[in-house]
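Chemist: Read off the chains here:
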Amino acid sequence: MLATLLLVFREVLEAALIVSIVAAATRGVAGRGRWIGGGLAAGVVGAGLVALFASGIADAMSGMGQEWFNAAVLLAAVAMIGWHVVWMARHGRELAAQMQFIGREVSVGHRPLTALLVVVAIAVLREGSEVVLFGYGMLAGGSTAGGLVAGGVLGLLAGTAVGFSLYFGLLRIPMRHFFTATNGLLVLLAAGLASAAAGYLVQADALPPLVDMLWDSSWLLTDESLVGRTLHVLIGYTAQPSGVQIVFYAATVALLMVGMRLSRLPAPEPAARLSQSA
Amino acid sequence: MRLFLPLLLAVFSTAALAEVPTHRLVIRDHRFVPAELVVPAHKKIKLVIVNEDPTPEEFESHELNREKVVTGKGTITVFVGPLKPGRYPFFGEFHMDTAQGALIAK
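Listed in order, the protein sequences are those of chains A and B.
The first sequence runs 226 to 503 under the numbering used here.
The second sequence runs 5 to 110 under the numbering used here.
No false leads were slipped in.
Ranges of calculated distance between the beta carbons of each label pair, as one might list FRET restraints:
id: 1; chain 1: A; residue 1: Asp441; chain 2: B; residue 2: Pro38; range: 20 to 28 Å
id: 2; chain 1: A; residue 1: Asp284; chain 2: B; residue 2: Pro38; range: 20 to 28 Å
id: 3; chain 1: B; residue 1: Ala45; chain 2: A; residue 2: Leu435; range: 13 to 21 Å
id: 4; chain 1: A; residue 1: Val270; chain 2: B; residue 2: His46; range: 41 to 49 Å
id: 5; chain 1: A; residue 1: Asp284; chain 2: B; residue 2: Thr102; range: 24 to 32 Å
id: 6; chain 1: A; residue 1: Pro399; chain 2: B; residue 2: Glu56; range: 56 to 64 Å
id: 7; chain 1: B; residue 1: Lys88; chain 2: A; residue 2: Thr455; range: 23 to 31 Å
id: 8; chain 1: A; residue 1: Thr339; chain 2: B; residue 2: Ile108; range: 44 to 52 Å
List of simulated lysine to any residue pairs, SDA-like, C-alpha gap at most 20 Å:
id: 9; chain 1: B; residue 1: Lys77; chain 2: A; residue 2: Leu364
id: 10; chain 1: B; residue 1: Lys77; chain 2: B; residue 2: Ala39
id: 11; chain 1: B; residue 1: Lys77; chain 2: A; residue 2: Phe278
id: 12; chain 1: B; residue 1: Lys50; chain 2: A; residue 2: Ala285
id: 13; chain 1: B; residue 1: Lys48; chain 2: A; residue 2: Gly468
id: 14; chain 1: B; residue 1: Lys50; chain 2: A; residue 2: Gly288
id: 15; chain 1: B; residue 1: Lys77; chain 2: A; residue 2: Gly281
id: 16; chain 1: B; residue 1: Lys47; chain 2: A; residue 2: Val436
id: 17; chain 1: B; residue 1: Lys48; chain 2: B; residue 2: Thr81
id: 18; chain 1: B; residue 1: Lys77; chain 2: A; residue 2: Val357
id: 19; chain 1: B; residue 1: Lys48; chain 2: A; residue 2: Gln465
id: 20; chain 1: B; residue 1: Lys88; chain 2: A; residue 2: Leu439
id: 21; chain 1: B; residue 1: Lys48; chain 2: A; residue 2: Val436
id: 22; chain 1: B; residue 1: Lys50; chain 2: A; residue 2: Val436
id: 23; chain 1: B; residue 1: Lys50; chain 2: A; residue 2: Trp293
id: 24; chain 1: B; residue 1: Lys77; chain 2: B; residue 2: Val37
id: 25; chain 1: B; residue 1: Lys48; chain 2: A; residue 2: Ser287
id: 26; chain 1: B; residue 1: Lys110; chain 2: A; residue 2: Val436
id: 27; chain 1: B; residue 1: Lys88; chain 2: A; residue 2: Met438
id: 28; chain 1: B; residue 1: Lys88; chain 2: A; residue 2: Gly468
id: 29; chain 1: B; residue 1: Lys110; chain 2: B; residue 2: Ser65
id: 30; chain 1: B; residue 1: Lys48; chain 2: A; residue 2: Pro433
id: 31; chain 1: B; residue 1: Lys88; chain 2: A; residue 2: Pro433
id: 32; chain 1: B; residue 1: Lys77; chain 2: A; residue 2: Gly290
id: 33; chain 1: B; residue 1: Lys48; chain 2: A; residue 2: Met438
id: 34; chain 1: B; residue 1: Lys47; chain 2: A; residue 2: Pro433
id: 35; chain 1: B; residue 1: Lys88; chain 2: A; residue 2: Val436
id: 36; chain 1: B; residue 1: Lys88; chain 2: A; residue 2: Trp440
id: 37; chain 1: B; residue 1: Lys47; chain 2: B; residue 2: Arg70
id: 38; chain 1: B; residue 1: Lys47; chain 2: A; residue 2: Met438
id: 39; chain 1: B; residue 1: Lys50; chain 2: A; residue 2: Met438
id: 40; chain 1: B; residue 1: Lys47; chain 2: A; residue 2: Leu435
Think of the hints as simulated: they come from the structure by calculation, not from any bench.
Small disclaimer: the values here were computed from a predicted structure and weren't measured.
Think of the CB as a built atom: it goes at the ideal place given N, C-alpha and C, for glycine as much as any other residue.
From just these sequences and the hints, can you work out the full model?
Modeler: Set out below in structure tokens:
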């Protein structure tokens, strides 16, 4: 049961941190519960499908299907986050002002929420498929279903609790700086996901590592520690990154910063872009 | 990401041509056999991992920066290196109490 608890906790934690940031970034947006719930549900279904077709995915692309699949979904998540932060750079200020003014939820149109639904779904799908494969293996290996379920539920609760604490921590950021802060977090999250995607492409031998281990900070913070894992999700921390991962990381930050700056340039039209929710 | 596409394609086509030495690792009863595998340092190597168990496993190594699921009775290929001489632990994430091993790069 302990092994199950720990594994489920690790996987749920990673997904929960991402979902928390998305939940915070959509604070005050009308109907966001439905979007996030939809993302979670799609992720769970996707996790089952990925686990079901695990060997098909693994055998694709001359045995490198897993790497390409992971890299593709990670880069899709990066694109979706990019879309959202660029959009928010333009509208975040109005959104915050309007929320303070009317003191309740505002509707911002569904486009950026679709983007974040995809991000939530991808996070759940990636971590969830590992849980499904693990659980299947444990059952096939003769573990009792009771221990598996107990460990799974406890792991799920513990991981979700960490996610909720991050979420409520983020809500304490003053409204004036709130969307700047969540946008910053999303940029770092996207950069970390891009770096992870590069890692998978190196693993598939499709990208050169450039430098196999650019630095080694495992003496300070290991990847397997709780703090290391958390920072891995939040800012893409890796104790021993390859050179190309850092290139992807820096390129993502640079691209998103430029995108945010460009989208901020033209004068926004507050009334036309935002409509009050009825 | 558009910046990377030409680079990616160029590298992909050259990487496919390179001849890479192959090393084999077996998963049996949720253990790696051999538990320590000596591989050449300063060289890219191809690690072929054969899962003889009927249950899935995830080959993972923080030191090698690798993570890959191998299904029950499945086989995966993982490229690693070029490595500096040293010890690179890896483990099976689904059976961490028994599935522990290391690459020794010499």
